[in-house]
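Visitor: Single-letter residue listing:
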Amino acid sequence: MSAGPVSSRPVSAQTRALPLPRPPLSGALGALGFLALAGVVATAWLGLFVTPPDEFMGNLVRLLYVHPPMAWVAFLAFGVASLASLLYLWPRTRTEHFDRLAGASAEVGVVFTGLTLVSGSIWGRPTWGAWWVWDPLLTTTALLFVLYLGYLALRRVPGDFEVRARRSAIGALIAFVDVPIVYFSVVWWRSLHQAPTVLNPTTRKTYVHGSMAWTLLLGFVSFTLLYAWLTAHRYRLAKLQDLEDTEGLDLALRERRAEGDAR
Amino acid sequence: MLRDAALVAGKDLRIEMRSRVALNQVGPFAIAVLLLFGLALGPDRAVLAPASAGLFWVAVLLSTILAVQRSYAIESADAARDGLRLSGLDPAGIFLGKAGAIAAQLLVLEAGLTVGVALLYGAHLNGALVLIASCAAGTLGLAAVGTLYGVVASGLRTRETLLPLLFLPVVAPVLLAATKAWNEALAGTPGRAGSWLEILAVFAVLYMSIGTVAFGSLLEDG
Amino acid sequence: MNGYVEAGYLVIFGSLGTYGVALLGRERAARRRVLGSTGAGSTSAGSTGAGSTGAGSTGAGTASFTDSGGSTAQAGDGPTTKPQHAPLATEEPEPAPGAMS
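Protein chains in written order, with the working numbering: chain B, 1 to 263; chain V, 1001 to 1222; chain P, 2001 to 2101.
Just so you know, the hints here were simulated from the structure itself, not pulled from any lab data. Among the hints, a few may not be true.
With the Cβ distance kept under 7 Å, some of the chain P side facing chain B (calculated, not the full set) [claimed, not checked]:
hint, residue
1, 2004
2, 2008
3, 2011
4, 2012
5, 2027
Simulated DEER-style distance windows between Cβ atoms [unchecked claim]:
hint, chain 1, residue 1, chain 2, residue 2, range
6, B, 24, V, 1108, 34 to 44 Å
7, P, 2003, V, 1024, 54 to 64 Å
8, P, 2017, V, 1205, 40 to 50 Å
9, P, 2003, V, 1132, 47 to 57 Å
10, B, 86, V, 1035, 36 to 46 Å
11, V, 1157, P, 2029, 26 to 36 Å
12, V, 1082, B, 93, 26 to 36 Å
Just so it is clear, CB atoms sit at the ideal spot from N, CA and C, and this is done for glycine as well.
Please construct the entire structure, taking both the sequences and the accompanying hints into account.
Guide: Below, the structure written as structure tokens:
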């Protein structure tokens, strides 16, 4: 039973003496949250009440104030997770922060991806008459969704921190590299058929008029802010969970040592 | 590296030839899949024949999962990674060897499946060159991704469910492109399969490269 | 047509709101646990379930939870684990890695 340089302080005092400091940047994070919330609420309000119905789509256009921004965030989150993974793999920038960021961004991303699919589907039902069509972007998003889920499952596989981080990072890169291939093949795939895309949701040719354009822009900005805020908190949660795990470990070690000492 | 690859591939294939698990289990599995598709989509050949290419490739994808699991199972049960690691062989070589062996087995399987598809669904096998080319490129890509994810999943209790979840979404483009290439070939317009074959080739090269580079660190873990 | 728009907005903002609130709640709970988890035998790390940390850990079960990182933190700026808890790290008895393996 290795004793080693046991601290002379009693165990409980050791941890109690060091309360966790208020996490850094709480003020800034709060401000971000406020802005994000304000922006999102404003987008919703403008989208629902202030902007006029579209001449082609009628009221359905209102969904297009939220669907493209969320799709953008879905891909942004994925990009951030992949970039963080790459940085983790690069020896010079290998810190636990990047691994944690990747995980946080991925979880937030999967939420947005799911909602992108749902909003796209809801928009599609009255437009195309079906809850799902194999639109290139929707299909790519659907595959992105499943790729995300696989990545998150991979993150949960137990193991040493560094092992997990590296394994997840490689998994993220494998998936990231796949996304452009998926996109191009699906676009080609669709272009061969008479696509029922009355209006590709990403070409916003009808958004010429003032309030609609601004609302859409506001949508993009506020959802991005929301993503940042959510990811920051998810990151914090991850850090706390890591701390918890470590403390649990310390506790078990202390108990084991106490056991040994008691003999 | 290549010598190690040949060593590993040779070993894997020799084990297969002696134990014949792929032959006895993965093969019948693939045939069962074809039959089940037949049951699901109805006896009408007018429905099945046009769908042959897609069903063929889905069967291939599912069989790849089994082949990958088998490939890692033949290393010592749950200590697959340790065994490979301790062998002292170049990890890139191990990757290429394993992927190569899996690809070889899959190609044999695909030959059988092709016959099955012609028989069961009434597909007319035109454009043989494109059919073969897409099989070659597609299989390489599948084997690469499978070997990569396989090493991650090997030795884990969750491997049976984790591997398919990781593998299938990533190889979706292979399914798509290979099916399209086959469709062009079967329809008598093999010339139009060009861009699909490109995708398959790019995919194969990309993931073979990633595998060669990344396999080493994946092997070390755990 | 209007029904779709309302339903869509409800689902979207409702889900995001729920997720955000739940996230804050999880974070608060985790912070409380970490702050209060001294001798209380709380090895319940994994209770919040999903998360980037993977399996909850008790000392016995997990593979060594990177105290190898902790020891490099001693040497200088450990690039991996716990750079924030400089105060904690300096107090940590270093045989942890030895004890683990």
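Visitor: For every hint, state whether the structure bears it out.
Guide: Do the hints match the structure? See the list:
1. With 7 Å as the threshold, the beta carbon of residue 2004 of chain P comes within range of chain B, its nearest partner Cβ sitting at about 5 Å, so the hint holds.
2. A least Cβ separation of about 4 Å between residue 2008 of chain P and chain B falls short of the 7 Å threshold, and the interface hint therefore holds.
3. At about 6 Å, the closest approach between the beta carbon of residue 2011 of chain P and any beta carbon in chain B falls short of 7 Å, and the interface hint on this residue holds.
4. With a cut of 7 Å, the hint placing residue 2012 of chain P at the interface with chain B holds, because the nearest CB-to-CB distance is about 5 Å.
5. Because the smallest distance between the Cβ of residue 2027 of chain P and any Cβ of chain B comes to about 5 Å, under 7 Å, the interface hint for this residue holds.
6. Distance hint check: the CB atoms of residue 24 of chain B and residue 1108 of chain V are about 59 Å apart, inconsistent with the given range 34 to 44 Å.
7. Taken as a hint, the range 54 to 64 Å holds for the pair residue 2003 of chain P and residue 1024 of chain V, whose Cβ atoms sit roughly 56 Å apart.
8. Distance hint for residue 2017 of chain P and residue 1205 of chain V: a CB-CB separation of about 45 Å, consistent with the stated range 40 to 50 Å.
9. For residue 2003 of chain P and residue 1132 of chain V, the hinted distance range of 47 to 57 Å is satisfied, since their beta carbons lie about 53 Å from each other.
10. A C-beta distance of roughly 44 Å is found between residue 86 of chain B and residue 1035 of chain V, which places it inside the suggested range of 36 to 46 Å.
11. Hint check: residue 1157 of chain V to residue 2029 of chain P, Cβ distance near 29 Å, so the stated range 26 to 36 Å holds.
12. In this structure, residue 1082 of chain V and residue 93 of chain B meet the distance hint of 26 to 36 Å, their C-beta atoms being roughly 30 Å apart.
In this structure, only the earlier hint numbered 6 is contradicted, and the remaining ones agree with it.
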